[in-house]
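Whenever a hint applies, use it, and build me the whole structure from the sequences.
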Amino acid sequence: MRALKVRHNNVLGYFIEVTAQHGEKLTVAPLNATFIHRQTLAGQVRFTTTELAALETRIANAPTARSAWSWKSSRKLATSV
Numbered sequence: 015m016r017a018l019k020v021r022h023n024n025v026l027g028y029f030i031e032v033t034a035q036h037g038e039k040l041t042v043a044p045l046n047a048t049f050i051h052r053q054t055l056a057g058q059v060r061f062t063t064t065e066l067a068a069l070e071t072r073i074a075n076a077p078t079a080r081s082a083w084s085w086k087s088s089r090k091l092a093t094s095v
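Going by the numbering used here, the sequence shown opens with residue 15, and the numbers climb by one from there.
Treat the hints with care, as some may be off.
Unchecked claim - In silico SDA-like cross-links for lysine to any residue, where the CA-CA straight-line distance does not exceed 20 Å:
#  : residue 1 : residue 2
1  : K19       : Q35
2  : K19       : Q53
3  : K39       : N23
4  : K39       : L69
5  : K19       : H51
6  : K39       : A68
7  : K39       : R52
8  : K19       : N75
9  : K39       : N24
10 : K39       : Q53
11 : K19       : E65
12 : K19       : P77
13 : K19       : A76
14 : K39       : A17
What the hints assert, rightly or not - Ranges between beta-carbon positions, derived for each pair:
#  : residue 1 : residue 2 : range
15 : P77       : A56       : 38 to 46 Å
16 : A74       : T48       : 34 to 42 Å
17 : V25       : G57       : 16 to 24 Å
18 : A47       : A17       : 15 to 23 Å
19 : A34       : T78       : 32 to 40 Å
20 : T78       : A17       : 14 to 22 Å
21 : H51       : R72       : 31 to 39 Å
22 : A47       : E70       : 18 to 26 Å
23 : A43       : P77       : 37 to 45 Å
24 : P77       : G57       : 35 to 43 Å
25 : L55       : N75       : 16 to 24 Å
Keep in mind the hints are simulated off the structure, nothing from the lab.
Please read all numbers here as calculations on a predicted model, not as lab measurements.
Beta carbons: idealized from backbone N, C-alpha and C, even for Gly.
Structure follows, in structure tokens:
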């Protein structure tokens, strides 16, 4: 598959997008056990996998650099007083 893309939007989250031609191949056994159909558009089909969903959860729960910095700063201020 030359046109496999991993994308993100606020509705579906992360998903794998392929052309409609390739999407048909992913909806039959044995690939349909791995690729979970999410949405069909005019020229593309969108899928997810359990691994991609787990990665999305890890990304969503990861601390940001800003929150890590503010935690260290507040801790440093509290110990210096």
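Taking the hints in turn, this is what the structure says about them:
Between the alpha carbons of K19 and Q35 the distance comes to roughly 14 Å, so the proposed pair stays at or under 20 Å and holds. Note on K19 and Q53: the hinted pairing holds, with a Cα-Cα distance of about 14 Å set against a maximum of 20 Å. Distance restraint check for K39 and N23: the Cα-Cα separation of roughly 24 Å exceeds the 20 Å cut-off, and the hinted pair is therefore not satisfied. Our distance criterion of 20 Å between C-alpha atoms is broken by K39 and L69, whose separation comes to about 24 Å.
Proximity of K19 to H51 is assessed by CA-CA distance (about 15 Å); at most 20 Å being required, the pair is judged to hold. A C-alpha spacing of about 24 Å is found between K39 and A68, which places the hinted pair above 20 Å, so the restraint is violated. Taking the CA atoms of K39 and R52, the gap is near 15 Å; set against the 20 Å cutoff, the hint holds. Distance restraint check for K19 and N75: the Cα-Cα separation of roughly 23 Å exceeds the 20 Å cut-off, and the hinted pair is therefore not satisfied.
Taking the CA atoms of K39 and N24, the gap is near 27 Å; set against the 20 Å cutoff, the hint is violated. With a C-alpha separation of about 15 Å, the suggested pair K39 and Q53 falls inside the 20 Å cut-off, and the hint holds. For the given pair, K19 sits about 15 Å from E65 by alpha-carbon distance, which is consistent with the 20 Å threshold. Proximity of K19 to P77 is assessed by CA-CA distance (about 26 Å); at most 20 Å being required, the pair is judged violated.
At most 20 Å may separate the alpha-carbon atoms for a hinted pair to count; K19 and A76 exceed this at roughly 23 Å. With a C-alpha separation of about 13 Å, the suggested pairing of K39 with A17 holds against the 20 Å cut-off. P77 and A56 have their C-beta atoms about 39 Å apart, which keeps the hinted 38 to 46 Å range intact. Remark: the range hint 34 to 42 Å for A74 to T48 is contradicted by a beta-carbon distance near 22 Å.
Taking 16 to 24 Å as the suggested C-beta distance range, the pair V25 and G57 conforms, at roughly 18 Å. About 22 Å separates the C-beta atoms of A47 and A17, a value consistent with the hinted range of 15 to 23 Å. Between A34 and T78 the CB atoms are about 37 Å apart, so this pair conforms to the stated range of 32 to 40 Å. Between T78 and A17 the Cβ separation comes to about 32 Å, which falls outside the hinted range of 14 to 22 Å.
The given range of 31 to 39 Å is broken by H51 and R72, whose C-beta atoms sit roughly 23 Å from each other. Between A47 and E70, the C-beta spacing of about 20 Å keeps the proposed range 18 to 26 Å intact. Hint check: A43 to P77, Cβ distance near 40 Å, so the stated range 37 to 45 Å holds. At about 38 Å, the beta-carbon gap between P77 and G57 stays in the expected band of 35 to 43 Å.
In this structure the supplied range 16 to 24 Å is violated for L55 paired with N75, their Cβ-Cβ distance being about 29 Å.
In this structure, the hints that do not hold are numbers 3, 4, 6, 8, 9, 12, 13, 16, 20, 21 and 25, in rising order.
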